[in-house]
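Peer 1: Starting from the two chains in their separate frames, assemble the complex, guided by the hints.
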Amino acid sequence: MKFDLSYTIDALPRLLEGATVTVQVALLGFLFSITLGTIIVLTRTTLNWRILNGIIAVYVSFIRGTPLMIQIFLVYYVLPITGLNLGAFTSGILAITLNSAAFVSEILRGGLTSVPKGQFEAAKSLGVSGVALWGRVILPQTFIASIPPLVNEFTQVLKATALLSIITVVELLRVSQQIYSANYHPVEILSGAFVIYFLLCFFVSRGSVLLENHWRVRRA
Amino acid sequence: MALDFSIFVEYGPRLLMGFWLTIKIVIAAIILGMPWGLVLALGRRSRFLIPRLAATSFVEIFRNTPFIIQVFLFFYVLPFYGIRFPAEYVGTLALAAFGSAYFAEIIRGGIDAVSKGQLESARAIGMSDWQAMKNIVLPQTLSIILPPLTNQTLSLIKESAILSTITVNELTMSGIRVQGEIFRPFEVFIMVALLYWGFNESIAFLMRKIERKANKARTSNQNTAEKTTFISRGSSR
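Order-wise, the sequence lines are chains G and R. The C-terminal position of the first sequence is numbered 220 in our numbering, with every residue numbered one higher than the one before it. The C-terminal position of the second sequence is numbered 457 in our numbering, with every residue numbered one higher than the one before it.
This is chain R alone, in the form it adopts within the complex (with noise of 0.2 Å):
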């Protein structure tokens, strides 16, 4: 069997089309995640037992189940219960919850590695819990979960993939099509792969050169930081 791949002329612009739907669903699923992942992550350090089980919960239980039949138990519960929504925003909700759940574990570890001698200062200087969190562990967290940050991104579209089994138009299923039209699979499934495959290294390649130059500006920033503290002590006495 020859391959063609001239036929990426043809049907390139239908998979790159799709391609931008996936990228849309996912930077969407993303920005209604994030924060749910950090009323997850808060809500299960907190001291009320009901917060902290109903967020346990939730992230067990999409941590634990395949994301392909929550996608369908999305596709098939809402019109059970009379809400109808286009594929599309069933797939970026669905998506958009399973990736809390993760976010929620990363923020969870990250507020957990930053040292807890830091909320127990802030509190002692009279912040509540809250200002705390949100002036002093949250910003400390952000270098410490970047990059497990990043992994969940490029793993939400890898999953996003699985959307094409409840019809949304995104790569994967832009693939499914055309590949149903011409018949010729390993074209265009590998031009689909190498089109993920891309993105995914690309994206990989420049968050960990952002992470060098932030871990670089950190240690300057913490030299820095023990200067003043340094002179700060010195002049206290």
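The shape of chain G in the complex, shown without the other chains (with noise of 0.2 Å):
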């Protein structure tokens, strides 16, 4: 058997619609797990109740030792159960938020630990506290500290929206099982999808520095 690229160039338009699934899903996913992991980190430095905490602490440590696709069963396979009837679209998302929160609220409280001190007692001589000292002041600075690891994450969900295509979400690496599962050329579709997939990660892990320019000069 000889490599065929013109199997791959058949298959390109309907691998790039797939792409657009891929990047959308990564993108809501991505968008709810800053929104939770801000929320964990918040609860965890504003409230600070110990009960919180432990069931916080524990919820991240089973997300980081557990592998992602047995997390996308249990949602996927469990809810149903209790009735929710999420279908896989809805319960991958939800998977990937959940799996990413924890590492994204990780990530923000090393953030936060780069805020200065004098940051808060700054704010609070000039009588800022609250949801201003927290919006204006902290959390920018905390997501400013921790772009790297953040598109580095991003990248993370990128990669991990593939394993969706198991529950029959229909995106990138689902439509190529499709097309080869169709005219059994495996090697030449998987290729192309492969390289879609660097692409698109190279250039958002390259992405980072760009970010972090544009926030710096804003910054001065």
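Derived from the structure by calculation, the hints contain no laboratory data. It is possible that part of the hints are untrue.
[What the hints assert, rightly or not] One-sided excerpt, in silico: chain R residues whose CB lies under 10 Å from chain G:
| no. | residue |
| --- | --- |
| 1 | R283 |
| 2 | F287 |
| 3 | Q290 |
| 4 | F295 |
| 5 | A381 |
| 6 | G395 |
| 7 | I396 |
| 8 | V408 |
| 9 | F419 |
[Said to hold, decoys possible] To be clear about the criterion: a stretch of chain R counts as covered by chain G if any three or more of its residues have a C-beta under 8 Å from a C-beta of chain G, and this derived list gives those stretches:
| no. | region |
| --- | --- |
| 10 | 296-307 |
| 11 | 383-393 |
| 12 | 409-416 |
Ideal Cβ placement from N, Cα and C applies to all residues, glycine included.
Peer 2: Here it is as structure tokens:
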């Protein structure tokens, strides 16, 4: 057998369609996970209830200690038993969100420690507190400090979406499986998908530098 | 719905068999992937263009694509060129290749963290590049890279779940098969998750202990090293 590029080229439009779904799922999941991760960090630092902190610690440890695939199965198979029927797409995004939020909360916790204590004190002495303190002073600095690991986390999410093909979310990998199960040319089709994934992740991870520079200028 | 964990008595042994295969695969992948990662790390630091380019592309390609599609490609590409292995071997190979890219970056970071003066002074007293690397720099990187290597090992255990997609009968696959027979997804997948979780947490706990010990040993070593240099300096004068 010989590698026949024409199959890859024929499949390209459908693969790109699948890639847009991949990007959508990744963006949605990442958006939710940043929100959830921020909430987790805020409850941990501002409320600081022992029981809540314990629950968060167990949650983070569970997510980091088990494979994403099992987490996806748990969300996809277990929620319907409790009467919640979400469908593949929504449960997929839910699984990605729950997974990534644990990592995002750890990243933000690290970013938070890089914000100098003087910032809290200065804000308090100016009478800035509560929502304004966190929304205007602390969180922006936390996010700026966390740009590189957050961008890295986004590429992880991009790669993680490929696992949703197992629960029939029709993203890039699922589309390629559909194509090669019809034409029996898995190598050509998968190579195409492989290259698309690579370009997506590679350029996103290189974009980190651009983001950093952009925010550094605005800060100064 | 009532939860019924008594099925663990009946199906537990099968899950544990799967878990044993997971561990064997990960150990094999580390044994294959670690030396290859060292080769890649040294290749990326080479002063010749071709090894540098080859190592860099290998690392970037494996780090910037989902592991599941790498597994599929290994699974379909090898037979495409007439190489036929059982799924377990293909999976181990894919896991080793994937892991080696990450190992390479960790080792490279460790080498960079050892101060440049170490390599330069080793070269200055007449060691070859390889001797300086082997005798001076690499031993010092070991304690630096131990924590990230542990993390990477834990992440390989988790990634190995993906090998279930190419019918490797490891822990996740055993879980899927048991669930297919008894239709109790929650109990089965929770048990599988607990096995992964417990194992990962205990390794992490163990490594933290070792690390603490190593750190203590290193600081006391440094103290004696400082003393000895002080003494030798005195005597050379």
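Peer 1: Take the hints in turn and mark each one as holding or not.
Peer 2: Consistency of the hints with the structure:
1. R283: holds (8 Å)
2. F287: holds (7 Å)
3. Q290: Holds: closest Cβ of chain G sits about 8 Å from Q290(R), inside 10 Å.
4. F295: With a closest approach of 8 Å, the F295(R) hint holds.
5. A381: holds (4 Å)
6. G395: holds (8 Å)
7. I396: holds (8 Å)
8. V408: With a closest approach of 9 Å, the V408(R) hint holds.
9. F419: holds (8 Å)
10. 296-307: holds (count 3)
11. 383-393: Contact hint for the region 383-393 of chain R vs chain G: holds, 3 residues under 8 Å.
12. 409-416: holds (count 5)
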